[in-house]
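Asker: Given these sequences and hints, build the entire structure.
End of the sequence shown = 392 in the working numbering, gap-free, step of one.
It should be emphasised that the hints constitute simulated quantities derived from the structure, not laboratory data.
Among these hints, one or two may not hold up.
Below are the DSS-like pairs computed for lysine-lysine, each with C-alpha atoms no more than 27 Å apart in a straight line [to be verified]:
| no. | residue 1 | residue 2 |
| --- | --- | --- |
| 1 | K58 | K83 |
| 2 | K35 | K23 |
| 3 | K58 | K23 |
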Amino acid sequence: MKIGIFDPNLEPKGHYLKFNSHIIKLLEDGDNEIVFFDICNIFKNNFKGNIKFVNVADKTIIDLFGKHGTPLKKWFVFFVKEFFWYRKVSKKIQKSKIDFLIITSEGYFFFYFFIPKIKFAVIFHRIESVLFFGKKYSIKYIVQSIRRKIILRLLRRAQVVFVLTEHLKDKLKPFYFRCVEWIPYLCFENFNNKMFCKKKMECFTISTPGSIYYGKNIDFALETYKKYNLSFKYIIAGFPSAGYGKKIVEVVKSLPRNTPITGIFKYLSDKEYKKIIQRSTFVLLPYSAERTSGISAVMLDAFENNTPIIAPDIEPFTYYANKYKIGLLYNTESHVSLAKTIEMASRMTKKNFENNFLIFKKDFSYDEFGARFKEIIFETTQ
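Answerer: Okay, structure coming up:
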(Lines of atoms letter the chains of each structure in order from A; the text may use other names.)
(Lines give C-alpha, C1' and ligand atoms only; values in the text may rest on other atoms or scores of the structure.)
Protein backbone atom coordinates (compact mmCIF):
# COMPACT_ATOMS: atom_id res chain seq x y z
CA MET A 11 0.00 0.00 0.00
CA LYS A 12 1.23 3.49 -0.86
CA ILE A 13 0.75 5.79 2.14
CA GLY A 14 1.28 9.54 2.00
CA ILE A 15 2.11 11.75 4.98
CA PHE A 16 1.45 15.49 4.97
CA ASP A 17 1.94 18.06 7.75
CA PRO A 18 0.50 21.46 6.72
CA ASN A 19 2.27 23.13 9.66
CA LEU A 20 5.73 21.71 8.93
CA GLU A 21 8.52 23.94 10.25
CA PRO A 22 12.28 23.38 10.70
CA LYS A 23 12.01 24.01 14.44
CA GLY A 24 9.79 22.79 17.24
CA HIS A 25 8.14 19.37 17.46
CA TYR A 26 7.22 18.95 13.79
CA LEU A 27 10.28 16.97 12.71
CA LYS A 28 10.17 14.73 15.75
CA PHE A 29 6.46 13.95 15.51
CA ASN A 30 6.48 13.15 11.80
CA SER A 31 9.51 10.92 12.29
CA HIS A 32 7.51 9.14 14.98
CA ILE A 33 4.59 8.53 12.59
CA ILE A 34 6.96 7.09 9.98
CA LYS A 35 8.47 4.83 12.63
CA LEU A 36 4.99 3.49 13.45
CA LEU A 37 4.46 2.60 9.79
CA GLU A 38 7.83 0.96 9.19
CA ASP A 39 8.59 -2.77 9.13
CA GLY A 40 5.77 -3.57 6.72
CA ASP A 41 4.95 -3.72 3.03
CA ASN A 42 3.91 -0.08 2.89
CA GLU A 43 5.56 2.44 0.58
CA ILE A 44 5.79 5.77 2.40
CA VAL A 45 5.65 9.09 0.54
CA PHE A 46 6.29 12.26 2.54
CA PHE A 47 4.81 15.42 1.06
CA ASP A 48 7.49 17.88 2.06
CA ILE A 49 7.54 21.68 2.33
CA CYS A 50 10.74 23.51 1.30
CA ASN A 51 12.51 20.12 1.58
CA ILE A 52 12.54 20.65 5.36
CA PHE A 53 11.90 17.02 6.25
CA LYS A 54 14.13 15.60 3.53
CA ASN A 55 17.08 17.61 4.86
CA ASN A 56 16.54 16.42 8.43
CA PHE A 57 15.36 12.81 8.14
CA LYS A 58 17.53 9.75 7.72
CA GLY A 59 15.51 6.91 6.29
CA ASN A 60 14.45 5.14 3.13
CA ILE A 61 11.23 6.90 2.11
CA LYS A 62 10.13 8.87 -0.94
CA PHE A 63 9.85 12.68 -0.83
CA VAL A 64 7.64 14.96 -2.89
CA ASN A 65 8.18 18.68 -2.32
CA VAL A 66 4.73 20.32 -2.56
CA ALA A 67 5.52 23.94 -1.62
CA ASP A 68 8.43 26.36 -1.69
CA LYS A 69 7.12 28.34 1.30
CA THR A 70 5.84 27.24 4.70
CA ILE A 71 2.41 28.38 5.84
CA ILE A 72 4.11 30.76 8.32
CA ASP A 73 6.10 32.36 5.48
CA LEU A 74 2.82 33.51 3.93
CA PHE A 75 2.20 36.10 6.66
CA GLY A 76 4.91 38.53 5.63
CA LYS A 77 4.61 42.27 6.22
CA HIS A 78 1.58 43.95 4.68
CA GLY A 79 0.91 47.11 6.69
CA THR A 80 -2.18 47.11 8.91
CA PRO A 81 -3.27 43.90 10.73
CA LEU A 82 -6.47 43.79 8.63
CA LYS A 83 -4.53 44.01 5.37
CA LYS A 84 -1.99 41.51 6.67
CA TRP A 85 -4.70 38.93 7.40
CA PHE A 86 -6.50 39.58 4.10
CA VAL A 87 -3.32 39.04 2.09
CA PHE A 88 -2.54 35.95 4.13
CA PHE A 89 -5.97 34.39 3.45
CA VAL A 90 -5.59 34.98 -0.28
CA LYS A 91 -2.10 33.47 -0.30
CA GLU A 92 -3.26 30.60 1.89
CA PHE A 93 -6.08 29.72 -0.50
CA PHE A 94 -3.75 29.39 -3.48
CA TRP A 95 -1.09 27.67 -1.34
CA TYR A 96 -3.47 24.88 -0.33
CA ARG A 97 -4.88 24.57 -3.82
CA LYS A 98 -1.39 24.04 -5.25
CA VAL A 99 -0.44 21.59 -2.49
CA SER A 100 -3.70 19.67 -2.91
CA LYS A 101 -3.16 19.24 -6.66
CA LYS A 102 0.35 17.88 -6.14
CA ILE A 103 -0.87 15.39 -3.53
CA GLN A 104 -3.67 14.19 -5.81
CA LYS A 105 -1.22 13.62 -8.68
CA SER A 106 0.92 11.29 -6.57
CA LYS A 107 -1.63 8.43 -6.78
CA ILE A 108 -1.34 7.28 -3.17
CA ASP A 109 -3.78 4.84 -1.57
CA PHE A 110 -4.12 6.59 1.77
CA LEU A 111 -3.14 9.99 3.20
CA ILE A 112 -2.26 10.69 6.83
CA ILE A 113 -2.53 14.38 7.72
CA THR A 114 -0.41 14.75 10.85
CA SER A 115 -1.70 18.11 12.14
CA GLU A 116 -4.44 20.66 11.50
CA GLY A 117 -3.75 23.64 9.28
CA TYR A 118 -5.22 27.12 9.11
CA PHE A 119 -8.60 28.26 7.73
CA PHE A 120 -8.52 27.11 4.10
CA PHE A 121 -6.95 23.78 5.01
CA TYR A 122 -10.43 22.52 5.96
CA PHE A 123 -11.83 23.23 2.49
CA PHE A 124 -9.39 20.98 0.67
CA ILE A 125 -10.82 17.56 1.41
CA PRO A 126 -8.72 14.87 -0.29
CA LYS A 127 -10.40 12.80 -3.01
CA ILE A 128 -8.78 9.71 -1.54
CA LYS A 129 -9.17 7.93 1.79
CA PHE A 130 -7.46 9.85 4.56
CA ALA A 131 -6.89 10.16 8.30
CA VAL A 132 -6.37 13.29 10.39
CA ILE A 133 -4.30 13.45 13.57
CA PHE A 134 -6.17 16.08 15.55
CA HIS A 135 -4.13 17.99 18.13
CA ARG A 136 -6.26 20.95 19.20
CA ILE A 137 -9.43 19.22 20.37
CA GLU A 138 -10.28 21.53 23.25
CA SER A 139 -9.70 24.91 21.62
CA VAL A 140 -11.46 24.05 18.35
CA LEU A 141 -14.44 21.88 19.33
CA PHE A 142 -15.26 22.95 22.88
CA PHE A 143 -15.86 26.53 23.99
CA GLY A 144 -18.35 28.41 26.13
CA LYS A 145 -21.64 29.67 24.69
CA LYS A 146 -21.00 33.38 25.02
CA TYR A 147 -22.87 35.10 22.25
CA SER A 148 -20.30 37.46 20.83
CA ILE A 149 -18.43 37.98 17.58
CA LYS A 150 -15.74 35.60 18.83
CA TYR A 151 -18.32 32.90 19.60
CA ILE A 152 -19.93 33.26 16.16
CA VAL A 153 -16.52 32.96 14.46
CA GLN A 154 -15.65 29.91 16.58
CA SER A 155 -18.98 28.26 15.71
CA ILE A 156 -18.48 28.77 11.97
CA ARG A 157 -14.93 27.49 12.25
CA ARG A 158 -16.09 24.38 14.10
CA LYS A 159 -18.69 23.57 11.42
CA ILE A 160 -16.04 23.83 8.71
CA ILE A 161 -13.62 21.64 10.66
CA LEU A 162 -16.29 19.02 11.37
CA ARG A 163 -17.03 18.88 7.64
CA LEU A 164 -13.47 17.65 7.05
CA LEU A 165 -13.23 15.35 10.07
CA ARG A 166 -16.53 13.58 9.32
CA ARG A 167 -15.22 12.62 5.90
CA ALA A 168 -12.00 11.19 7.29
CA GLN A 169 -11.74 7.40 7.60
CA VAL A 170 -10.08 7.86 10.99
CA VAL A 171 -9.64 10.76 13.39
CA PHE A 172 -6.65 10.14 15.63
CA VAL A 173 -6.20 11.87 18.99
CA LEU A 174 -3.03 11.88 21.06
CA THR A 175 -4.29 10.70 24.43
CA GLU A 176 -6.66 7.88 25.30
CA HIS A 177 -8.98 9.98 27.46
CA LEU A 178 -9.95 12.19 24.48
CA LYS A 179 -11.67 9.37 22.57
CA ASP A 180 -14.82 9.56 24.66
CA LYS A 181 -14.99 13.35 24.29
CA LEU A 182 -15.41 12.98 20.53
CA LYS A 183 -18.36 10.56 20.67
CA PRO A 184 -21.01 13.34 20.26
CA PHE A 185 -19.56 14.27 16.85
CA TYR A 186 -20.22 10.87 15.21
CA PHE A 187 -16.97 10.50 13.31
CA ARG A 188 -16.54 7.32 11.30
CA CYS A 189 -13.79 6.08 13.58
CA VAL A 190 -11.88 7.64 16.48
CA GLU A 191 -8.60 6.08 17.61
CA TRP A 192 -5.67 7.24 19.63
CA ILE A 193 -1.93 7.08 19.16
CA PRO A 194 0.72 8.35 21.55
CA TYR A 195 2.64 11.52 20.75
CA LEU A 196 5.83 9.49 21.03
CA CYS A 197 6.96 5.91 21.59
CA PHE A 198 10.14 4.29 22.87
CA GLU A 199 12.52 1.51 21.91
CA ASN A 200 15.65 -0.12 23.37
CA PHE A 201 14.94 1.21 26.84
CA ASN A 202 16.35 -0.14 30.09
CA ASN A 203 17.73 0.98 33.43
CA LYS A 204 20.79 2.50 31.74
CA MET A 205 18.55 5.21 30.33
CA PHE A 206 18.22 6.76 33.75
CA CYS A 207 20.54 9.57 34.69
CA LYS A 208 23.37 8.25 36.88
CA LYS A 209 24.83 11.67 37.62
CA LYS A 210 24.08 12.84 41.13
CA MET A 211 22.02 16.02 41.18
CA GLU A 212 23.73 18.96 42.85
CA CYS A 213 20.46 20.12 44.40
CA PHE A 214 16.73 19.79 44.02
CA THR A 215 15.81 21.64 40.82
CA ILE A 216 12.55 22.23 39.02
CA SER A 217 12.19 23.78 35.56
CA THR A 218 9.59 24.99 33.10
CA PRO A 219 11.14 24.64 29.62
CA GLY A 220 9.64 25.58 26.26
CA SER A 221 7.97 28.62 24.73
CA ILE A 222 6.68 31.17 27.22
CA TYR A 223 3.11 32.12 26.35
CA TYR A 224 -0.13 32.96 28.15
CA GLY A 225 -1.43 29.40 28.54
CA LYS A 226 1.76 28.32 30.32
CA ASN A 227 0.60 30.30 33.39
CA ILE A 228 4.17 30.87 34.62
CA ASP A 229 3.15 33.98 36.51
CA PHE A 230 1.12 31.69 38.82
CA ALA A 231 4.29 29.76 39.71
CA LEU A 232 6.21 33.00 40.28
CA GLU A 233 3.46 34.29 42.57
CA THR A 234 3.60 31.03 44.55
CA TYR A 235 7.36 31.38 45.00
CA LYS A 236 6.98 34.95 46.20
CA LYS A 237 3.96 34.32 48.44
CA TYR A 238 5.50 31.35 50.27
CA ASN A 239 9.13 32.43 50.05
CA LEU A 240 10.18 29.13 48.38
CA SER A 241 13.92 28.50 48.30
CA PHE A 242 14.06 25.73 45.71
CA LYS A 243 15.99 26.26 42.48
CA TYR A 244 13.60 27.06 39.61
CA ILE A 245 14.63 27.48 35.96
CA ILE A 246 12.33 29.12 33.40
CA ALA A 247 13.76 28.55 29.94
CA GLY A 248 12.34 29.29 26.50
CA PHE A 249 11.43 31.90 23.95
CA PRO A 250 9.17 34.69 25.33
CA SER A 251 6.11 34.90 23.08
CA ALA A 252 4.21 38.19 22.61
CA GLY A 253 3.30 40.48 25.50
CA TYR A 254 2.90 37.72 28.08
CA GLY A 255 6.41 36.42 27.44
CA LYS A 256 7.86 39.91 27.80
CA LYS A 257 5.96 40.34 31.07
CA ILE A 258 7.53 37.17 32.51
CA VAL A 259 10.99 38.36 31.44
CA GLU A 260 10.46 41.68 33.24
CA VAL A 261 9.17 39.99 36.40
CA VAL A 262 12.13 37.58 36.61
CA LYS A 263 14.68 40.34 35.94
CA SER A 264 13.16 42.47 38.70
CA LEU A 265 13.53 39.74 41.34
CA PRO A 266 16.12 40.20 44.13
CA ARG A 267 19.50 38.59 43.43
CA ASN A 268 19.10 35.98 46.14
CA THR A 269 15.84 34.65 44.60
CA PRO A 270 16.46 31.02 43.44
CA ILE A 271 14.82 31.65 40.05
CA THR A 272 16.83 31.66 36.82
CA GLY A 273 15.50 32.86 33.47
CA ILE A 274 16.98 31.65 30.18
CA PHE A 275 14.97 33.66 27.69
CA LYS A 276 15.79 32.55 24.17
CA TYR A 277 14.86 29.90 21.63
CA LEU A 278 16.43 26.69 22.95
CA SER A 279 18.25 24.29 20.67
CA ASP A 280 17.20 20.65 20.98
CA LYS A 281 20.39 19.97 22.94
CA GLU A 282 19.82 22.85 25.38
CA TYR A 283 16.17 21.95 25.84
CA LYS A 284 16.97 18.31 26.57
CA LYS A 285 19.82 19.22 28.92
CA ILE A 286 17.56 21.43 31.06
CA ILE A 287 14.98 18.64 31.40
CA GLN A 288 17.62 16.01 32.26
CA ARG A 289 19.19 18.20 34.95
CA SER A 290 15.85 18.90 36.58
CA THR A 291 14.48 16.77 39.39
CA PHE A 292 10.94 17.71 38.27
CA VAL A 293 9.46 19.61 35.35
CA LEU A 294 6.82 22.08 36.54
CA LEU A 295 3.88 22.64 34.16
CA PRO A 296 1.73 25.29 35.86
CA TYR A 297 -0.97 25.50 33.17
CA SER A 298 -4.20 27.25 34.07
CA ALA A 299 -7.50 25.39 34.33
CA GLU A 300 -8.57 26.97 31.03
CA ARG A 301 -5.69 25.44 29.06
CA THR A 302 -6.90 24.46 25.61
CA SER A 303 -4.61 21.65 24.55
CA GLY A 304 -5.33 17.93 24.42
CA ILE A 305 -1.67 17.09 24.91
CA SER A 306 1.45 18.67 26.38
CA ALA A 307 4.57 18.09 24.31
CA VAL A 308 6.77 19.34 27.17
CA MET A 309 5.20 16.78 29.51
CA LEU A 310 6.02 13.95 27.11
CA ASP A 311 9.53 15.29 26.51
CA ALA A 312 10.00 15.20 30.28
CA PHE A 313 8.82 11.58 30.37
CA GLU A 314 11.12 10.69 27.48
CA ASN A 315 14.02 11.95 29.60
CA ASN A 316 12.81 10.14 32.73
CA THR A 317 11.88 13.32 34.55
CA PRO A 318 8.63 13.39 36.57
CA ILE A 319 6.26 16.35 36.43
CA ILE A 320 4.50 18.68 38.84
CA ALA A 321 1.23 19.73 37.20
CA PRO A 322 -2.34 20.84 37.95
CA ASP A 323 -4.98 18.15 38.44
CA ILE A 324 -6.43 18.51 34.92
CA GLU A 325 -6.13 16.43 31.75
CA PRO A 326 -3.91 15.15 30.32
CA PHE A 327 -1.69 15.41 33.42
CA THR A 328 -4.20 13.60 35.64
CA TYR A 329 -4.27 10.59 33.28
CA TYR A 330 -0.50 10.02 33.31
CA ALA A 331 0.12 10.95 36.94
CA ASN A 332 -2.62 8.64 38.22
CA LYS A 333 -2.13 5.70 35.85
CA TYR A 334 1.67 5.57 35.80
CA LYS A 335 2.63 7.49 38.95
CA ILE A 336 5.21 9.58 37.10
CA GLY A 337 4.22 12.95 38.47
CA LEU A 338 2.65 14.92 41.29
CA LEU A 339 -0.59 16.88 41.01
CA TYR A 340 -1.78 20.01 42.79
CA ASN A 341 -5.18 21.68 43.03
CA THR A 342 -5.64 24.01 40.08
CA GLU A 343 -5.13 27.71 40.80
CA SER A 344 -4.27 27.02 44.44
CA HIS A 345 -1.01 28.66 45.51
CA VAL A 346 -0.91 26.77 48.78
CA SER A 347 -1.45 23.43 47.03
CA LEU A 348 1.37 24.12 44.55
CA ALA A 349 3.71 25.21 47.36
CA LYS A 350 2.97 22.05 49.38
CA THR A 351 3.43 19.85 46.29
CA ILE A 352 6.83 21.42 45.54
CA GLU A 353 7.88 20.86 49.15
CA MET A 354 6.75 17.21 48.89
CA ALA A 355 8.71 16.85 45.65
CA SER A 356 11.84 18.25 47.29
CA ARG A 357 12.00 15.12 49.47
CA MET A 358 12.12 12.90 46.37
CA THR A 359 14.64 12.03 43.66
CA LYS A 360 14.28 10.62 40.16
CA LYS A 361 15.16 7.23 41.62
CA ASN A 362 11.70 7.18 43.25
CA PHE A 363 10.11 7.04 39.77
CA GLU A 364 12.51 4.68 37.99
CA ASN A 365 10.30 1.57 37.98
CA ASN A 366 7.22 3.61 37.08
CA PHE A 367 8.98 5.02 34.02
CA LEU A 368 10.00 1.54 32.93
CA ILE A 369 6.36 0.39 33.07
CA PHE A 370 5.25 3.51 31.19
CA LYS A 371 7.84 3.07 28.43
CA LYS A 372 7.02 -0.60 27.97
CA ASP A 373 3.36 0.35 27.48
CA PHE A 374 4.38 3.10 25.06
CA SER A 375 6.82 1.05 23.01
CA TYR A 376 6.91 0.91 19.21
CA ASP A 377 6.26 -2.81 19.45
CA GLU A 378 3.03 -2.07 21.34
CA PHE A 379 1.66 0.66 19.09
CA GLY A 380 3.30 0.04 15.70
CA ALA A 381 1.31 -3.12 14.87
CA ARG A 382 -1.93 -1.53 16.13
CA PHE A 383 -1.41 1.63 14.06
CA LYS A 384 -0.72 -0.31 10.84
CA GLU A 385 -3.75 -2.52 11.49
CA ILE A 386 -6.03 0.51 11.87
CA ILE A 387 -4.75 2.01 8.62
CA PHE A 388 -5.16 -1.30 6.78
CA GLU A 389 -8.72 -1.83 8.02
CA THR A 390 -9.84 1.67 7.03
CA THR A 391 -8.56 1.28 3.48
CA GLN A 392 -10.57 -1.88 2.81
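Asker: Output the indices of the hints that this structure fails to meet, ascending.
Answerer: Of the numbered hints, just 1 does not hold.
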